[in-house]
Each structure stands twice: as structure tokens, then as C-alpha cells.
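Trainee: This is what each chain is made of:
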Amino acid sequence: MRPAVLTGEYFMTGDVACAEGALAAGCRFFGGYPITPATEVAEHIAGRLPEVGGTFIQMEDEIAAMASIIGASCAGVKSMTSTSGPGFSLMMENIGLAVCTETPCVVVNVQRAGPSTGLPTQGAQGDMMQARWGSHGHYEIIALAPSSPQEIFYLTVEAFNLSETYRSPVLVMTDEMIGHLSERVVIPEAKKIKTVSRPRPKGSKARFKPFEPGPSGVAPMASAGEGYHIHVTGLTHDQRGYPVMTVETQEAMMAQIMGKIQRNLDDIIRIEEYRLEDAEFVIVSYGVSARTSLAAVDEARELGIKAGLLRLITVWPFPEARIRSLAKRVRGLVTVEINLGQIHLEVERCAAGQAPSLLVGHPGGTIIPPGRVVEALQEFSRGGV
Amino acid sequence: MNQPRKQETHPLDGLLRVDRIPHIWCPGCGIGTAFSASLIAMRESGIDLEKTVMVSGIGCSGRGAGYVNLDSYHTTHGRAIPFATGMKLAKPELNVVVFSGDGDLFAIGGNHFIHAARRNVDLTVVCVNNFNYGMTGGQVAATTPINARTTTTPAGNPDGPFNLPLLAYASGATYVARWTILHTRELMESIQEALLNRGFSFVEILSPCPINYGRRNKESGIASLKIYQDKTIIRNDARPWELEIDFDRGIVLGKFIETERPTCTDRYDSTCRPKELLEGEKTLE
Ligand code: SF4
Chain D
1 MRPAVLTGEY FMTGDVACAE GALAAGCRFF GGYPITPATE VAEHIAGRLP EVGGTFIQME
61 DEIAAMASII GASCAGVKSM TSTSGPGFSL MMENIGLAVC TETPCVVVNV QRAGPSTGLP
121 TQGAQGDMMQ ARWGSHGHYE IIALAPSSPQ EIFYLTVEAF NLSETYRSPV LVMTDEMIGH
181 LSERVVIPEA KKIKTVSRPR PKGSKARFKP FEPGPSGVAP MASAGEGYHI HVTGLTHDQR
241 GYPVMTVETQ EAMMAQIMGK IQRNLDDIIR IEEYRLEDAE FVIVSYGVSA RTSLAAVDEA
301 RELGIKAGLL RLITVWPFPE ARIRSLAKRV RGLVTVEINL GQIHLEVERC AAGQAPSLLV
361 GHPGGTIIPP GRVVEALQEF SRGGV
Chain G
1 MNQPRKQETH PLDGLLRVDR IPHIWCPGCG IGTAFSASLI AMRESGIDLE KTVMVSGIGC
61 SGRGAGYVNL DSYHTTHGRA IPFATGMKLA KPELNVVVFS GDGDLFAIGG NHFIHAARRN
121 VDLTVVCVNN FNYGMTGGQV AATTPINART TTTPAGNPDG PFNLPLLAYA SGATYVARWT
181 ILHTRELMES IQEALLNRGF SFVEILSPCP INYGRRNKES GIASLKIYQD KTIIRNDARP
241 WELEIDFDRG IVLGKFIETE RPTCTDRYDS TCRPKELLEG EKTLE
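Protein sequence lines, in the order shown, are assigned to chains D and G. First residue of the first sequence: 1, per the numbering used here; consecutive thereafter. First residue of the second sequence: 1, per the numbering used here; consecutive thereafter.
Hint data in this document are derived by calculation from the structure and do not stem from the laboratory. A couple of the hints might just be wrong.
Claimed, not checked - In silico EDC-like links for lysine to aspartate or glutamate, alpha-carbon gap of 20 Å or less:
#, chain 1, residue 1, chain 2, residue 2
1, D, LYS205, G, ASP19
2, D, LYS205, G, GLU50
3, G, LYS226, G, ASP248
4, D, LYS209, D, GLU248
5, D, LYS202, G, GLU50
6, D, LYS205, G, ASP48
7, G, LYS218, G, ASP237
Note that the structure is predicted; figures quoted are calculated from it, not measured.
Next up, chain D with everything else stripped away, as it sits in the complex (with noise of 0.2 Å):
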């Protein structure tokens, strides 16, 4: 029988270094279907979750996974999910359950390229808009991207810390190139691990409103069969947690749901930055992706072109602020992205025309080569695009 934290050196996939992340965060409810690229993920999980006390279940589709894992969390237990992009599209309905009703859960999304079936053993970026909207209402989400087996574990760790933190579902978007890397990935003690769990009621179970704040400004959260006789409901409701159908209280509510994440981005977004101190252009990239724009900075600036790259580790909250100022004083924003524009849209809004933005992308099948994005840069210091 193996820990539930692996301490030790491997080489493994990003798909099994996703699985022991969660074990390490304490996830102790997988509810999976088979999908590639993700199919190791719940491999993997449902190997390891019996031997540490978990359980892991098979479940008739990504409806139903999704639905599962949100069923644990309100019982009380730490639950993840993963997928890939046609699974993805069903779990949107129930990912809203999850953000309505404020159940922290963990999604990972190994990336395949689409519409539809599409390729799916070839990675892409392509679901980053379906992330931030795709279920439907307004609301925020967090969504997390690795650009490695090695980040994906400590990611995956975060993920559930964040989900806890803010009672929010959490995305683990990887793709598919990351899930079926193999590299060195180091898993540290248990006790060198940083775990958080979901704010808990305090004081009388009578007046325990469910859906109150906490000093956090999370509401603490009740589990199931601990006699708080609480209600929950993906209808627009109060802070006893009952439906009330009135404007008032959709308002209240989204405040509630929108501004736990609004008012803690500091917390919630991570950023990393590569030779910007100096930059006149900047990459911004992400996941698989901004491995290749790692080498194209070197390359470029090889060339004479003043490059830099500025990682979105936090692509969910989208990280505004930090675009902003840079949009101020550099002379161009590429982004690099396997798919035809999605955050590269933000980008430009950020960027609000104080600097041009480009992009390079590929509608998925394959990572984009460093010499496409330093070519591209190369066009853009010349003022040709």
C-alpha cells in the first residue's frame, strides 16, 4: 500500500502527475469517464484512491461524472473530475450547478483539438473561451494552465487549495501535448505541501445560514448528515440557501458568487514573467504553449528583438491589471495559442490599443513551433503586420 503523497523522483506523464496532485491535495472522490487524452488521469486515480481511503467510480457519462463529484464535495470529501474537450461540453450544465451552489471541485481538462470529435489524440488550446463561459448565466471561474508534468502536480494541489479557499469549481486546463509528456517530476513530503480545506460553520446549527459569508468573505460550508439541515439549490437563492425568485436577490447572490473571486485576485492569479524588464514585445502565452515561446524569446532576442514572455500560470481570472501596464510602454502583445484567437481577444481588450496585438495560433493538431513565433516577431519589429 502506497501514501497517499508519493514523495520520491519520477519520470512520469503529465496525466499521472495530475493524479497524484489531487491525491496529495487530499481528493478523495474521483467520478471519471473514459476520454482521450485524459483517460490516464482516472487510470491512474482509480488504482491509487482505494488504497488511501477513496473511492473512484466509472460513471455512465460526463454528465453524470461531473454530477458525482459535486454530490462528494457536499458530502464532505475532496472530488475531482477530468476530461477531455467532448466531455467537457457535458459537464458546462453541472459545472454551473457548482458555481451556483458554491461546491468546490476540481476539473481537468486534457485539451484535444475540435469542434466535435476533432482530433482526439492531438493536443490544442482550444477550450479557453468554453472555460470562462461555457456554462450558461454569468459568473467567474478559475482556470489554471501547466506548462509541465512537474507544474501540473503542484497545479493540480493549488487547484483544489483555490476551490476550497473560494467554494468555487476549479479547471485544470492542460492539453493534451503536457498530459502525455513524460519528465522529472519531483513530489516533495506531505508535510512540505501546503493543503487547504473549505471554510467550516462555527457556533449554533440553528442559525447557520448556509449561504452567509464568513469573515473570509466565503460563506463556511455545512456537509451533508452533520445536522445542519441545510438547503441547497441551483435556483437563485438566499443566504438560508431558500429559492427566492426576485431581482433583489439575483443580485445579491451574483455579488456574492462573482465578488468571493473579484476581490481576491492578488490570491487568485499567478503570473510568471521572462526577460520583460526590457521587453519592447511581449509574448503572452500559456500551458504547452509558452514552452515553445520560452525558446522563441531566446532566439529572438538573438536576432536583436527585444522579447519577453509573460507566462498566464492563473488564465481565469484573466490577469487585466498586469496587460495593462505592459500594453503602456511595449511596442507590441503576441499571443501564442493553439487555437484561432481565444485569449488572445482578451489580450487586445486589455490592451485597449495602447499597443498592436498579434497573433499566432493553429486551429490544434500540433504545438507551434518557436520559429513560427519568432518569424512572427520578427515581421512585427519591422512594423510589417
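Here the structure of chain D is known, so what remains is to put chain G with the ligand in place on it, guided by the hints.
Mentor: Positioned in the frame of chain D, the structure of chain G with the ligand alone reads:
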């Protein structure tokens, strides 16, 4: 005329979320009766109510979870069962009761029903079958009798309904019963048995929807009850494939299946858990 005796309390006060009353159900609707039968059964069964959860989907019956003064979850349309499955498997000590309607459980949620029954997840599923989608104004359902009129079958329903007890039995349910809201005593007993049965238990409750189904099929609330009285036959030994709802030949009610088989959690523990872990747990006790 005698003044009605002023009643301060309702016998189900402790179990009802009184501050949410009045409920949304129409006059003459059968859901209230099905709901109180479920609550009484929960109380009478002796199960630990603090560890009992009600999960509903969407629809008129789906509002049930909103009125019970226990932990209660009103989920998405059709997804009460997979939500409940996650909850039960994550915390097996909970008693998880799914209370929802026929449209929710058998059309949009049909796939989840058969799989939860196949796995024998230890859930109690109470289905109020009113033969149509009440909440949205009376559309055809997977349970609407052939030829019946609904807003989306204005000339009559060309399709046949599911035989729900047969579906439950064939999928692997270990307790299967059918009653109407008129048969409250048998119904309460059945729900109690279903709650105490270890495994996937299913109780179908035939219930009038006078406002939407009844109105279009020239069947008042009272007329529905009259049918439940005159056209039903109690046959506990009936075979599941003989349970088609036939208003002319008669509707068979009863407890049709009560059997034992390892639950989803039992089998997961015995098949997937390392032996050391299970033995460790035993020595801890
Ligand atoms: S519409 Fe029908 S099922 Fe719904 S509450 Fe009214 S009578 Fe009952």
C-alpha cells in the same frame, strides 16, 4: 357550522421546512401526499434522520427537497441520481433518498437510473409518476399513456410509456414497488421498507396532475382518485413484465421485488480495497 379546531402544529412540523410553506403545488395535486408519505416513512423507519439526505432533480416533484427540514439538495434536471451516487459513495453512512418526478428520472435522467440500479447503489428512489411534465405546463413524458393528450401531443400520444417497475427490475434494483397516492398506508410501508433495504430501492407513486394532465384528458383530480380506487389490483407477486399501466384492464400495484445482493460500496470494498486496509478498519473498531 362547527368551527374547525385551531391547529397549532402539523404532525410533520419537525420534518417540514415550515418557513417555506405555502408550497408551490397546485390544489388537487398528488405530490403533497406522496411527499408526506415519504416523510412519515422516514420518521417511522427509525433511520437516523440527522444522517438522512433528500436529493431532487427538477420539476414539480423535484421541489420536494426544498420542503424537507433535513439536508436537502435540489440539483440539475435529470441528475439527482448521479449526484446522490457521488454523495453516497463518498460518505456511505448517509441515507440518501432521491425524491423526483417521472420526467426527471426517466427521460432526461433515464441513463443514470439504470446504471445506479445496475450497480446497486444503496439509494432509495421515490418517483412521483404523474404521466407528464407538470412544471412546464403538461408536455408528453416517457410515462404518458398511449393516445393521451398533452401540449406536445395535441392529437394524442403516438408512443407507449415505460413500465417503470420492469425497467427497475431489469436494471438490477433490489426493491421495487408501485402504489398510488390513494394507497397511503401501503405506500408508507413500502417507502419504509425501501429505506431499510440495503441496495437500490425504487418506489413508483401514481399521482394526479389535475392542472396539466387531467385537464387535457378529461380527468379531474377526483376522477383520477376514482380510477386509483376502481381500476387498481394489488398483486404483490405480479411479475414485472406484467405491470404495464393499462387503465382498461387495471393497474397492478404492490411490492414486486425485495431481494438482497451486495451493494456498490460492498463490492468496491471487497474487490478494490487492499485487504490490509479493510482489516485495519476492523481492528480500529
Ligand atoms: S402542475 Fe401538476 S404536478 Fe405540478 S404541481 Fe400542479 S398539479 Fe401538481
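Trainee: State for each hint whether it applies.
Mentor: Going through the hints against the structure:
1. Straight-line distance between C-alpha atoms of LYS205(D) and ASP19(G) comes to about 16 Å, which keeps the hinted pair within the 20 Å bound.
2. Of the supplied pair hints, the one linking LYS205(D) and GLU50(G) holds, its CA atoms being roughly 12 Å apart against a limit of 20 Å.
3. A C-alpha spacing of about 13 Å is found between LYS226(G) and ASP248(G), which places the hinted pair at or below 20 Å, so the restraint holds.
4. Between LYS209(D) and GLU248(D) the CA atoms are separated by roughly 18 Å; this keeps the pair inside 20 Å, and the hint holds.
5. Taking the CA atoms of LYS202(D) and GLU50(G), the gap is about 18 Å. The hint holds against a cut of 20 Å.
6. For the suggested pair LYS205(D) and ASP48(G), the alpha carbons sit about 17 Å apart, so the restraint of at most 20 Å is met.
7. A C-alpha spacing of about 33 Å is found between LYS218(G) and ASP237(G), which places the hinted pair above 20 Å, so the restraint is violated.
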